[in-house]
Amino acid sequence: MKRRTLVHIAFAVLLLVISSTGSFAQTDPLMQARVHAERKEYKEAVETYKKLYNQNPADPDVYGEYLNVLLTTKDYKEAEKLAKEQLQMRLQNPLSYIDLGRVYLADGKNAKAEEQFNKALDNINGDDVLTQQMANAFSNIGKDEYAIKTYERAGELLRNPAIYSNPLSRLYAKTGKVDKAVLALMESGPMQPGGLEDTKSTLLEFLGNDPKKLQVAQKALIKRINENPNNPYYAELLTWLYTQKDDWDGALIQIQALDERYKEHGERMLEFARTAAKEKKYDFSIKSYDVIIAKGNELPYYVIAKAERLGVGFQKIQDNPFFTKEEVAALAKEYEAFFTEFPQYYATQTLRDLATLHAQYADNPKKAIELLKQAIKQPAARKDFAGWTKLQMGDYHILMGTYWEAALVYMQVDKDFREDMLGEEARYRNAKLSYYQGDFEWAQGQLTVLKQSTSELIANDALYLSVLMIENIAPDSNMVPIKRFAHADLLMFQNKDTQAETLLDSINKAFPEHPLKDDILMQRSRIALKHRDYIKSLSYLKEIYEKHADDVLGDDAVFKAADIYENYLHQKEEAIKFYEKLIIDYPGSTYVQAARKQLNKLKEGTPAP
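Our numbering numbers the first residue of the sequence shown as 214 and each following residue consecutively.
Hints should not be assumed to be uniformly reliable.
[Stated by the list, open to error] Taking lysine-lysine pairs in the PhoX-like style, the calculated list, with each CA pair at most 25 Å apart, reads:
| # | residue 1 | residue 2 |
| --- | --- | --- |
| 1 | Lys-458 | Lys-491 |
| 2 | Lys-491 | Lys-413 |
| 3 | Lys-709 | Lys-730 |
| 4 | Lys-816 | Lys-493 |
| 5 | Lys-362 | Lys-393 |
| 6 | Lys-436 | Lys-426 |
| 7 | Lys-390 | Lys-362 |
[Stated by the list, open to error] Label-pair restraints from in silico Cβ distances:
| # | residue 1 | residue 2 | range |
| --- | --- | --- | --- |
| 8 | Gly-421 | Glu-257 | 44 to 50 Å |
| 9 | Lys-476 | Gln-528 | 27 to 33 Å |
| 10 | Glu-328 | Asp-462 | 52 to 58 Å |
| 11 | Leu-409 | Gln-806 | 29 to 35 Å |
| 12 | Gly-421 | Asn-441 | 22 to 28 Å |
| 13 | Gln-806 | Lys-476 | 45 to 51 Å |
| 14 | Pro-270 | Asp-423 | 47 to 53 Å |
Hints in this document: simulated from the structure, not taken from any laboratory.
Positions of the beta carbon are idealized from the N, C-alpha and C atoms, including for glycine.
All chains, full assembly: derive it from the sequences and hints.
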């Protein structure tokens with residue numbers, strides 16, 4: 214019984230709220246006036262606002278909204294009268310002059326408007342709140358030049374020209390005064406909570422990639438550095454600006470000067486070298502490391518610079534499809550000299566990189582395996598390092614064609630790391646080796662377990678390989694197409710791309726209707742991408758998402774196309790188009806989360822669809 218009573222009471226209260234909300238506009242005159250204005254019932258709105266204003270002319274909300282309605286209806290005579298009344302009432306408040314000037318401006322009386330705006334400026338008193346209100350009022354009516362004068366005049370009164378430099382910098386930029394915008398930002402920058410990074414962000418907003426604006430900013434910064442030679446803030450900003458202009462020589466000179474001036478022993482150079490490498494400016498990165506190394510081996514960054522320099526040299530070769538044997542040999546000698554000087558680095562990633570250089574780029578996997586065996590024997594070699602190094606050895610045995618040795622190494626790692634991701638990785642590589650060799654039944658048995666892996670990458674790879682075999686092993690037991698495809702996959706792993714393409718083509722010719730068609734296209738796309746033929750790679754992907762959109766590789770093709778446009782061709786709009794296509798056409802894809810992340814980055818934080 215009590216429960217029913219409570220329900221009735223709640224229902225009655227709800228009815229009361231609904232009815233009171235519906236009649237609220239009728240009982241509140243100000244709300245009523247606003248509703249009339251919103252509905253463009255201006256006659257009724259004016260009448261209501263006029264009554265309210267006469268009742269309480271000091272109410273700023275009523276006055277402001279009344280003036281807006283009068284201007285909307287172009288009743289300039291009444292608007293002028295209203296603004297003048299307020300001017301008398303508000304004791305020469307500068308905001309009243311702006312309101313009156315606004316009326317004249319709307320009425321086309323520009324000279325009278327300017328006169329009122331100047332009177333407003335004459336009445337600035339240095340009050341911060343009033344200054345902000347005036348500047349905003351001017352900006353709201355499109356008079357940014359007067360907003361600028363407001364801040365400048367207030368700064369003069371307060372004898373602190375830098376006090377409003379932050380809003381001034383934005384107004385200068387908005388009105389095309391880039392040099393002044395930069396100089397104002399130079400004033401406010403060191404005082405910003407985010408310091409240098411905030412200033413960089415604001416400068417990017419102002420300058421974009423406009424070469425002329427960047428040049429203006431550079432001149433302004435050099436001027437400020439000459440005036441403040443002992444402040445590193447401006448020099449650091451100039452260095453960053455050089456990189457935005459793609460003038461890495463200028464940036465390097467500036468960084469070197471800063472490093473010497475503040476006796477940093479290469480610390481700043483080290484960060485610059487890393488930045489240059491990240492931007493794929495490998496030669497400038499290497500030059501920076503060379504400067505640090507030239508300072509001598511007694512300085513703290515000497516060893517780090519030497520090791521990282523080798524890594525950048527390695528990246529340079531990895532990113533260059535036209536590297537020469539001479540370049541590879543020269544880099545290998547540098548590595549060997551480094552290990553002679555610092556043998557303790559044998560148990561590090563640096564040694565593993567040298568092994569990769571020999572195996573993948575010098576076509577000498579045997580030498581690579583010898584190096585990796587030495588690395589594992591080092592007293593400093595950690596267990597997980599040894600595990601990953603053995604997996605690398607297994608891969609190089611596959612390159613050599615010693616498949617049984619590869620399987621033994623994988624099984625050893627599987628045994629040593631049974632409950633670890635390393636063990637799962639070893640099992641996956643062993644399963645793939647069986648797949649390469651055409652032992653699909655054994656491979657499928659391993660993959661069935663790996664599909665439940667805690668590692669998303671391993672689970673996805675295992676799932677793809679498993680589905681590939683299930684879908685393409687024919688009911689008539691014709692294993693020729695899938696065996697050829699698996700062998701082509703092996704040839705690609707062994708960097709025998711021409712042979713792989715020939716074998717893939719043979720499948721299409723002998724079995725034109727075989728369901729491997731989309732998988733063959735994907736492999737051809739990967740080969741083209743590896744050889745930097747981006748247009749060809751995209752053409753294969755296009756054939757997948759247009760002709761095989763519903764197959765398992767449809768979403769892969771769209772995502773990879775987006776990646777090529779973003780990271781290889783640097784065509785932002787095309788990348789956005791393909792990330793959006795993935796999200797819309799394949800909402801259940803495992804790539805959706807990554808696509809949303811990239812979309813947010815490309816759209817500078819705007820929500821993805």
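Quiz item: What are the numbers of the hints the structure violates, in ascending order?
Solution: Violated: none.
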